[in-house]
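Colleague: Okay, here's what each chain looks like letter by letter:
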Amino acid sequence: MERDDLIEYSLPQDGKAGLHSEDEGISIRKKIYKVTILLTLVTVIEVVLGAVIKQDASIWPFIKWTFLVLTILKAGYIVMVFMHLGDERKWLRYVILVPYFIFILYLIFIALWEATAIKSVLTYFS
Amino acid sequence: MAGHTAALDSKTLWGGEISPFSTSYGKLMMWFFLVSDALSFGGLLISYGFTRHDCLEAWPIGEETFNSMPFLGHGYPLLYVALMTFILIISSVTMVLAVEAGHRMDRKGVTNWMIATIIGGFFFVGSQGWEWYHFIHGSEFGKIELADGSVAIVKGHFGEIKNFTVTKPGNHHKEGDVIKEDLMHTFQHAAAAGHINNGIITLHDGSKASITKEKDHELTLIVKKSGKVNKASKAKRKITGVKAEKLYYEALYSGEANRVIYGANLKQNEYGPQQYAQFFFFITGFHGFHVFSGVIINIIICLGVVAGTYHKRGHYEMVEKTGLYWHFVDLVWVFVFTFFYLI
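The listed protein sequences derive, respectively, from chains G and P.
With this note's numbering as the guide, the letters of the first sequence map in order to residues 1 to 126.
With this note's numbering as the guide, the letters of the second sequence map in order to residues 1001 to 1343.
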């Protein structure tokens, strides 16, 4: 039986099989460390905001949206840098990311809309 | 078996002479798996949002629910989960460094970074175990139904129980016996079953005992469900000082069953609505299961690296593929962290 996992399918045209040199490695590692510091900082900011600002504070809605933006930022860096999606072909990026922008956003919208309706019914009859 | 690799090059495999998206079959399939897995998690988190949005009861607040640290006790909001998040991010970094070392065919580098990743993964799974234990075990005060029918969670430092002194003998204990073992457990069981009346506890054998207990500190009631007197409105929900102490112990020592709930299970929990604990167990459990399987896969791949399997193959693509899965686990945690703990 053939073991197709043994075959290198992703040979780039120059035949280097996705390898890179020591010098390239240094700059790649530098980028990784930068992203590490950024992700850590974002987490620290999130925890400080969450611990200091109470949910009944008047600026809470603003903080909530800040959390969402920071979460998307973190997720973006993990996917684009750590998972190397940023280095893939443009259309592979679209194939992977576009479903979320369509389905998840739609699902969030429809679920929250529906939940609001259900809550108003429950409140009315309780 | 060996020798196949040379015969099958990219030209014979793909009619277009390169693989789709210039990515290998394995990596592409891993991406497709991750897309579907991410949709599962998306569905779970959206249903969580749905339930939270239409819930009539007040939903628990992360910083009030999760404020314990190992060895330090209570009063450290979100610190522990921040540490868990940090551990997972760092293990993601060591994984991407392993992939980078693989691109340089640095076998020793790959081995070391993968071992670091596995250790980080075990730390995270262990932390989640502690978190679950604490969540199930609950606080020392529990959630209490006050005399007017309102329901409140309780914060503060529980004064230590010193002993029970038997005042009325039962089947086992004699009058004047001083009990010093298993106090907290007995106390909580009796309180939940309504076996404490006016500060007198009825023990398992039917004997009655008085409770010697140190004073609580900074006892605060946070009303979650309005009753006749105490309201869960933003301005009034916190009750402190002597009044809080009086209301709490009046309810705890009322002799009525089910006035207090300690910890969490699938039927009830001290933090909020029933669905809250169910979602907590399912979503963090499903994520924890992903982390655990990720660690196992990492160990298997690491053994392959040590054995030199991938080095002989000429590339470390297996490390890249398992790396994709590991980063995905980190990615999901970023969202779980936001929706369960922050918002």
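One should not assume that every hint holds.
Said to hold, decoys possible - Heads up, simulated DSS-like pairs for lysine-lysine below, C-alpha to C-alpha not over 25 Å straight-line:
hint, chain 1, residue 1, chain 2, residue 2
1, P, Lys1155, G, Lys34
2, P, Lys1236, G, Lys54
3, G, Lys119, P, Lys1108
4, P, Lys1155, P, Lys1225
Please keep in mind that the hints were generated in silico from the structure rather than gathered at the bench.
Note that the structure is a prediction, hence the values are computed from the model and not measured.
Colleague: Of the hints stated earlier, which fail here?
Modeller: 1 and 3
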